[in-house]
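Peer 1: Residue-level listing of the chains:
Number of protein chains: 2
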Amino acid sequence: MNMQNLDDPDLEPRSVVDDVVAQMRALISERGLTVGDQLPTEKELCEAFGASRNTVREAMRILKAYGVVKVRQKVGATIVDNRMSSALEMFSFNVMDISRETFSDIQGFRCLLEVSSVEEIFDSITEADITELRSINAKLRGTEDIETAAEQDFLFHTRLIRVLRNKAILDVYGLMKPVILKIIQNGKTRRTFENETFHEHEAVIDAIVARDRIAYQYRMKTHLEAGYAHFKETGPFAVSPE
Amino acid sequence: MNMQNLDDPDLEPRSVVDDVVAQMRALISERGLTVGDQLPTEKELCEAFGASRNTVREAMRILKAYGVVKVRQKVGATIVDNRMSSALEMFSFNVMDISRETFSDIQGFRCLLEVSSVEEIFDSITEADITELRSINAKLRGTEDIETAAEQDFLFHTRLIRVLRNKAILDVYGLMKPVILKIIQNGKTRRTFENETFHEHEAVIDAIVARDRIAYQYRMKTHLEAGYAHFKETGPFAVSPE
DNA sequence: CCCGCTCTATTTGTCCAACAATTTAGAGGC
DNA sequence: GCCTCTAAATTGTTGGACAAATAGAGCGGG
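Just so you know, the protein sequences line up as chains A and B, in that order.
Position 155 of the first sequence, counting from 1, maps to 155 under my numbering, and the rest follow consecutively.
Position 163 of the second sequence, counting from 1, maps to 163 under my numbering, and the rest follow consecutively.
Just so you know, the hints here were simulated from the structure itself, not pulled from any lab data.
Just so you have them, the derived chain A footprint on chain B, three or more residues with Cβ under 8 Å:
1. 52-63
2. 66-77
3. 105-113
4. 168-174
No experiment lies behind these values; they were computed from the predicted model shown.
Glycine included, C-beta positions come from ideal geometry on N, C-alpha and C.
Taking the hints into account, I'd like the entire structure generated from these sequences.
Peer 2: Laid out in structure tokens, this is it:
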């Protein structure tokens with residue numbers, strides 16, 4: 001049946017690509033396909049839907065953009081569920097002008113994720129995690145330029161978040177990366193990373209090893225606030241220098 | 001567990017299409033284009049990026065899927081911001097077969113946001129907030145159908161998150177709405193909302209008023225887990241029936 | 001029997017060219 | 001000035017070609 005313009009007269013007529021997307025969704029439903037299952041090849045989809053390969057490919061691009069399928073050459077399209085990452089990806093578009101409030105909000109978000117999740121981290125962390133954290137922190141000390149050091153610093157915190165084994169949280173943290181990098185770099189020199197940042201990280205790790213909840217929260221909070229302190233000092237218009 | 005992309009986010013080489021998407025984003029950034037502005041025609045984009053028309057079109061499909069542009073024949077591509085609806089659209093994708101990991105991850109995220117942020121909530125919450133929370137919860141009791149009740153339930157939690165006065169967190173919470181609604185509705189009847197959910201919410205509010213950290217965390221955690229219990233019960237293969 | 005290598009066939013990635021469908025802009029008549 | 005109608009520009013769809021990657025078959029050696 002053709003319900004395309006019944007609900008909304010302003011709605012543009014559905015293109016063939018949209019139709020193919022709908023048919024693909026239907027196909028997934030009918031066959032009860034779920035994460036890990038394979039979709040038919042492009043050729044088969046062309047024949048099944050009576051559309052050209054380019055059209056099928058554009059439809060597949062949409063599903064890919066939605067984070068519903070993952071396509072590999074020769075292998076074909078596999079159903080996945082990366083919708084959360086895709087949703088976040090789509091909101092990473094207009095990140096050009098970041099307001100002071102956004103900086104502050106994201107810093108608060110970090111605090112919540114890294115400081116308040118202490119119980120979950122203590123529960124889940126393994127020896128291997130600790131080893132990797134120390135290794136990352138060691139590399140931080142050896143970096144030569146600030147950009148690389150900031151990346152390494154970010155990597156340390158990402159690795160810590162990864163301990164939670166929660167993809168949604170990890171995705172959100174990754175989304176905030178550009179802003180966090182900016183916060184990290186602010187007011188730091190290479191020397192700062194070599195000394196203060198390195199030792200702060202070590203203190204955090206030590207607190208984890210000792211399973212000392214209070215120490216962990218204190219160290220982490222101090223560390224995060226140290227990085228953010230410079231922002232507070234600067235005026236409200238210093239954020240976007242353009 | 002869905003760890004496929006956790007350890008190794010994106011090892012795959014970027015395709016030409018991905019490149020074109022990046023270049024389009026850069027172009028939008030450089031020219032300072034915003035909602036309502038036009039993008040160059042496909043032909044111009046082909047020449048500018050040295051890519052074929054099909055490739056440019058696939059890239060444009062991605063931007064369209066993200067709700068960032070709207071394309072009309074002859075008119076061309078206009079920048080819009082339908083990202084929110086696109087995000088909702090992508091989660092409307094057979095919500096029943098959202099992977100168990102995504103459910104579990106988002107539930108864990110909720111716990112972190114609502115349970116672990118107890119200190120921040122206690123610090124920031126005002127009398128007005130409490131009044132509103134009670135009012136929302138009262139309405140929850142009076143609703144007639146499950147959908148509305150779930151909306152109201154979600155509104156209660158959103159309102160609580162709003163206490164943190166952190167837009168980044170609030171946005172992320174809003175993004176997860178479709179999934180959270182699904183979790184909320186699962187295994188509940190109208191009666192459940194009228195009785196159990198209502199009283200659980202009241203207990204949470206009471207704990208806040210009493211500034212009882214332990215009680216708050218216990219009540220909230222219990223409440224969240226109660227909603228999620230039904231998912232745990234079903235087997236790992238119950239996601240896609242037949 | 002198993003391991004590793006090569007080779008092939010299949011599948012996706014990209015490009016090209018053509019035509020259809022649609023709509024804007026402009027020419028022309030009133 | 002206004003209407004109509006045509007022409008041109010732009011996106012929508014199709015088909016075909018070749019490149020790139022790779023899973024799987026087949027083979028040889030241990």
